[in-house]
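Protein chains: 4
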Amino acid sequence: MDKKKIAEWLAQGSVAVPKLLLNHYKYLGLSEGEFVLLLHMHSFIEDGVLFPTPAELAEKMTAAPSECMEMLRRLLQKGFIVIEEHTDEKGIRSEKYSLQPLWEKLVQYLYTEWAKEERQDQQEEEE
Amino acid sequence: MDKKKIAEWLAQGSVAVPKLLLNHYKYLGLSEGEFVLLLHMHSFIEDGVLFPTPAELAEKMTAAPSECMEMLRRLLQKGFIVIEEHTDEKGIRSEKYSLQPLWEKLVQYLYTEWAKEERQDQQEEEE
Amino acid sequence: MDKKKIAEWLAQGSVAVPKLLLNHYKYLGLSEGEFVLLLHMHSFIEDGVLFPTPAELAEKMTAAPSECMEMLRRLLQKGFIVIEEHTDEKGIRSEKYSLQPLWEKLVQYLYTEWAKEERQDQQEEEE
Amino acid sequence: MDKKKIAEWLAQGSVAVPKLLLNHYKYLGLSEGEFVLLLHMHSFIEDGVLFPTPAELAEKMTAAPSECMEMLRRLLQKGFIVIEEHTDEKGIRSEKYSLQPLWEKLVQYLYTEWAKEERQDQQEEEE
Numbered sequence: 028m029d030k031k032k033i034a035e036w037l038a039q040g041s042v043a044v045p046k047l048l049l050n051h052y053k054y055l056g057l058s059e060g061e062f063v064l065l066l067h068m069h070s071f072i073e074d075g076v077l078f079p080t081p082a083e084l085a086e087k088m089t090a091a092p093s094e095c096m097e098m099l100r101r102l103l104q105k106g107f108i109v110i111e112e113h114t115d116e117k118g119i120r121s122e123k124y125s126l127q128p129l130w131e132k133l134v135q136y137l138y139t140e141w142a143k144e145e146r147q148d149q150q151e152e153e154e
Numbered sequence: 028m029d030k031k032k033i034a035e036w037l038a039q040g041s042v043a044v045p046k047l048l049l050n051h052y053k054y055l056g057l058s059e060g061e062f063v064l065l066l067h068m069h070s071f072i073e074d075g076v077l078f079p080t081p082a083e084l085a086e087k088m089t090a091a092p093s094e095c096m097e098m099l100r101r102l103l104q105k106g107f108i109v110i111e112e113h114t115d116e117k118g119i120r121s122e123k124y125s126l127q128p129l130w131e132k133l134v135q136y137l138y139t140e141w142a143k144e145e146r147q148d149q150q151e152e153e154e
Numbered sequence: 028m029d030k031k032k033i034a035e036w037l038a039q040g041s042v043a044v045p046k047l048l049l050n051h052y053k054y055l056g057l058s059e060g061e062f063v064l065l066l067h068m069h070s071f072i073e074d075g076v077l078f079p080t081p082a083e084l085a086e087k088m089t090a091a092p093s094e095c096m097e098m099l100r101r102l103l104q105k106g107f108i109v110i111e112e113h114t115d116e117k118g119i120r121s122e123k124y125s126l127q128p129l130w131e132k133l134v135q136y137l138y139t140e141w142a143k144e145e146r147q148d149q150q151e152e153e154e
Numbered sequence: 028m029d030k031k032k033i034a035e036w037l038a039q040g041s042v043a044v045p046k047l048l049l050n051h052y053k054y055l056g057l058s059e060g061e062f063v064l065l066l067h068m069h070s071f072i073e074d075g076v077l078f079p080t081p082a083e084l085a086e087k088m089t090a091a092p093s094e095c096m097e098m099l100r101r102l103l104q105k106g107f108i109v110i111e112e113h114t115d116e117k118g119i120r121s122e123k124y125s126l127q128p129l130w131e132k133l134v135q136y137l138y139t140e141w142a143k144e145e146r147q148d149q150q151e152e153e154e
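Protein chains in written order, with the working numbering: chain D, 28 to 154; chain L, 28 to 154; chain Z, 28 to 154; chain H, 28 to 154.
Be aware that one or more of the hints could be misleading.
Think about it this way: if two alpha-carbon atoms lie no more than 27 angstroms apart in a straight line, the pair counts; the simulated DSSO-like pairs of lysine-lysine are [said to hold, decoys possible]:
1. 123/L <-> 105/L
2. 53/Z <-> 31/D
3. 123/Z <-> 46/H
4. 53/D <-> 30/H
5. 143/D <-> 31/L
6. 143/Z <-> 132/Z
7. 53/D <-> 143/D
8. 46/Z <-> 31/H
9. 132/Z <-> 143/H
10. 53/Z <-> 123/L
11. 143/H <-> 30/Z
12. 132/D <-> 53/D
13. 30/L <-> 53/Z
14. 46/H <-> 31/D
15. 31/H <-> 123/D
16. 132/H <-> 143/L
17. 31/Z <-> 53/L
18. 46/L <-> 132/L
19. 105/L <-> 31/Z
20. 132/H <-> 53/H
21. 53/H <-> 46/L
22. 46/Z <-> 32/H
Residues from chain Z shown here face chain D by an in silico Cβ test under 8 angstroms; the list is partial [to be verified]:
23. 41
24. 43
25. 47
From chain Z, some residues computed to sit far from chain L (all C-beta separations above 12 angstroms) [claimed, not checked]:
26. 58
27. 61
28. 82
29. 94
30. 99
31. 101
32. 120
33. 131
34. 146
It should be emphasised that the hints constitute simulated quantities derived from the structure, not laboratory data. Even glycine gets a Cβ: it sits at the ideal position worked out from N, Cα and C.
With the hints as constraints, model all of the structure from the sequences given.
Next comes the structure, spelled out in C-alpha cells:
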C-alpha cells in the first residue's frame, strides 16, 4: 500500500469529543442521531464548511436529506444550535451555524447537578 | 461557581474520534446508534473499564439495557468488536472488548476505495 | 504494507490537548519541555501507567533520565502535579501522578484574565 | 463565575495529537520545541490561520520571534513542513503551510521499524 496515501489518512486528524458531552448528551435531551449530527457539524466547521446543507450531512449519515433537515430544524428549535450572520473580510455576508448554545446547555446542566450534590452534602452534614 | 469543580470538568478530557471513522462509519455498515455505542466503549476502555455491561452502556445512551445487549450482539456477530481473554499481573483472568477489528474493517474499506480510484485514474490515462 | 499493521497504527489513538492549555501554558510558567513532559505523563496515565519513571519518560523525549527527573521535581515543587496514594481493589498501595493541580492553575489563570477584562470593560463604560 | 464564559472555554476544543507522533517525534529528529511549534501551527491552521507568522507563534511560546523564525527555517529545510501556494475562490493567491511531509516522515519511520521487526522475526524462526 502506498505510503503517501497512508500519510494522507493520518493527516486527516480527529474530532475531539469532550467526555462531558459524550457522558451527558442524553440528559440534555439529545438522541444518538442528533448527537452524531452535531459531531458532523463540528467537523464540517473545523474544515471551513460553516453552513453544511442537509444533503452534505446526509452523505455521511444513515439518514436521508429530508431527515437531516428535520433534525436541524429540531436542534434549532430546541436551542442547541443557532444560525449566525457572518461577514468575511471582503464584506460578503453568509450564514453559519454556531454550537455555542450546546455548550451553554451543557454547563447549565453540570451546574444544576453540582448544586444538587452540594445541597445533599449539606443536608447530610446537618443530620 | 467553584474553580475546583471547573478544573475537574476540564480534567475529564476528550475522546478523539478519527475523521476517517466519522466520515465512513456509514459505509462500514454502522448505524449512528452503533457508532455512538463504540465511542462509549472506547471511552470506558480508556478509563480502565475493559468490559462494560449493557446496563453501564445504557446509562449513557437513550437505549434500554436490552437494546444495548442486542447492539453488542450484532457488533460481535458482524465482526466490529471481539471479546478477548485478559490475564492481569496477578494471574486473574477476565474478559475485555477489543475494537481492533473495527480499525481493520476501516483500513480494508479505505484500501478498496483507493484501489478503485487508482484503476479509474489508469483507465482515464489509457483512453 | 500490511493492512493489519496500519489498523494497529490507527488504533493507537490520540491525546486530546485542550486549546486552552496549548494557548496558555506559557503564561502558567511552563516551558515547552515541561509542557511536552506533561503530555507524555497524560498519555502514560491513559494507557494505565500511573507512575511513569524518569527513564520511561526519557525514552520518548530528547532529554536524559536525569533531566526528566529534574523536570519532575520542578513540576512537583511548582505545584503542577502531585503524587497521590492509590489503593487498588486488592488493597495493594502504590503511587500515581495526578494532573489535577495543572487544571486548577489553568482555571485560576483564565479567571484572573477574565476578571481583568471585565474591569476594563466597566471602566470604559464609566468614562 | 459566568456560565457563558465557561461555555466559551469548553467550546474552544482540543487539538488531537496522534500517539504515534507523540511517541516517535524524537526518532524523527524533532526537539520538544519543534514538536510544540508544529502543534501550534496545526492549531492555527484548524482555526483558519493558514500561514502563521513567527510573531504569532512566539506569542504562544517561550521563544522569541527570531527563534521561531529560526525553527521554521529549520523545519522547512529538514523537510517537515512545506509552503504551498493557495488560491481562494476569488482567485486571490496566498501562501500556506502544509504538515503533509511530517506525516510522510512518520509513516516512513514506522514502516522501516516494522520491516526491521519482520526481519528479526524471520531470522529467529530460521534459527
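Against which earlier hints does the structure fall short, listed by number upward?
2, 9, 10, 25 and 33
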